[in-house]
Amino acid sequence: MQFPSRNRSGSVLNRRWKGTIKEFEKEHPPSLLICLLEEGAFHLAHALLQNPSVNINVQDFLGQTPLIFAVAQGREDIVAKLLARPDVRVNLADGLGRSAIFYAAQAGFEGIVGMFLESRWKVDLSIRDSGGRTALDYAQQEGHD
Numbered sequence: 646m647q648f649p650s651r652n653r654s655g656s657v658l659n660r661r662w663k664g665t666i667k668e669f670e671k672e673h674p675p676s677l678l679i680c681l682l683e684e685g686a687f688h689l690a691h692a693l694l695q696n697p698s699v700n701i702n703v704q705d706f707l708g709q710t711p712l713i714f715a716v717a718q719g720r721e722d723i724v725a726k727l728l729a730r731p732d733v734r735v736n737l738a739d740g741l742g743r744s745a746i747f748y749a750a751q752a753g754f755e756g757i758v759g760m761f762l763e764s765r766w767k768v769d770l771s772i773r774d775s776g777g778r779t780a781l782d783y784a785q786q787e788g789h790d
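At the far end of the sequence shown sits residue 790, using my numbering, and the numbering has no gaps.
Hints were generated in silico from the structure; no laboratory data involved. Just so you know, even glycine gets a beta-carbon here, dropped at the ideal spot from N, CA and C. One thing to keep in mind: the hints can contain errors.
Stated by the list, open to error - Just the calculated beta-carbon pair ranges, DEER-fashion:
#, residue 1, residue 2, range
1, 692, 771, 33 to 39 Å
2, 696, 786, 37 to 43 Å
3, 785, 708, 32 to 38 Å
4, 695, 777, 18 to 24 Å
5, 688, 731, 21 to 27 Å
6, 708, 684, 32 to 38 Å
7, 696, 782, 34 to 40 Å
8, 731, 691, 16 to 22 Å
9, 740, 785, 39 to 45 Å
10, 772, 721, 19 to 25 Å
11, 763, 732, 29 to 35 Å
12, 695, 776, 33 to 39 Å
13, 742, 766, 17 to 23 Å
14, 729, 686, 32 to 38 Å
Construct the entire structure; sequences and hints are all you get.
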């Protein structure tokens with residue numbers, strides 16, 4: 646099985662990996678899932694999400710999660726898979742204090758915002774980022790009412 650690994654510049658290189666997914670994540674932070682989403686390997690991310698032991702709440706060095714990466718890229722298919730997981734933490738914020746819904750609201754991804762609001766998870770719309778703004782503030786700023 647081929648897994649990507651990060652080199653010092655942060656790009657992903659293909660190489661043979663003989664260990665487990667957990668061993669890969671331990672040796673190659675932040676996580677295989679984040680690497681796949683970051684590089685646009687969505688078909689592989691879909692396959693990886695079939696494994697319930699994959700940590701979907703892992704954060705990279707900026708505090709961004711796989712959910713934030715999927716939202717920022719407008720990938721409703723990946724967002725749906727993540728929201729279907731019982732272990733997803735929808736209000737987990739990055740280093741700027743922004744959760745995934747901030748990025749959906751700012752980009753005007755109405756479908757994804759709707760997915761959050763209709764999901765079984767309580768999305769906290771009162772969260773303020775490090776600048777004191779909410780997801781609604783970002784939506785309004787960008788003209789997405």
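Status of the hints after comparison with the structure:
1. 692 x 771: 33 to 39 Å: Hint holds: Cβ distance 36 Å, inside 33 to 39 Å.
2. 696 x 786: 37 to 43 Å: holds, 38 Å
3. 785 x 708: 32 to 38 Å: Between residue 785 and residue 708, where Cβ atoms are some 24 Å apart, the hint is violated.
4. 695 x 777: 18 to 24 Å: Given range 18 to 24 Å: violated, Cβ gap about 40 Å.
5. 688 x 731: 21 to 27 Å: holds, 24 Å
6. 708 x 684: 32 to 38 Å: Between residue 708 and residue 684, where Cβ atoms are some 19 Å apart, the hint is violated.
7. 696 x 782: 34 to 40 Å: holds, 37 Å
8. 731 x 691: 16 to 22 Å: Hint holds: Cβ distance 18 Å, inside 16 to 22 Å.
9. 740 x 785: 39 to 45 Å: violated, 23 Å
10. 772 x 721: 19 to 25 Å: holds, 22 Å
11. 763 x 732: 29 to 35 Å: Between residue 763 and residue 732, where Cβ atoms are some 19 Å apart, the hint is violated.
12. 695 x 776: 33 to 39 Å: holds, 38 Å
13. 742 x 766: 17 to 23 Å: Because 19 Å falls inside the window, the suggested range holds.
14. 729 x 686: 32 to 38 Å: violated, 20 Å
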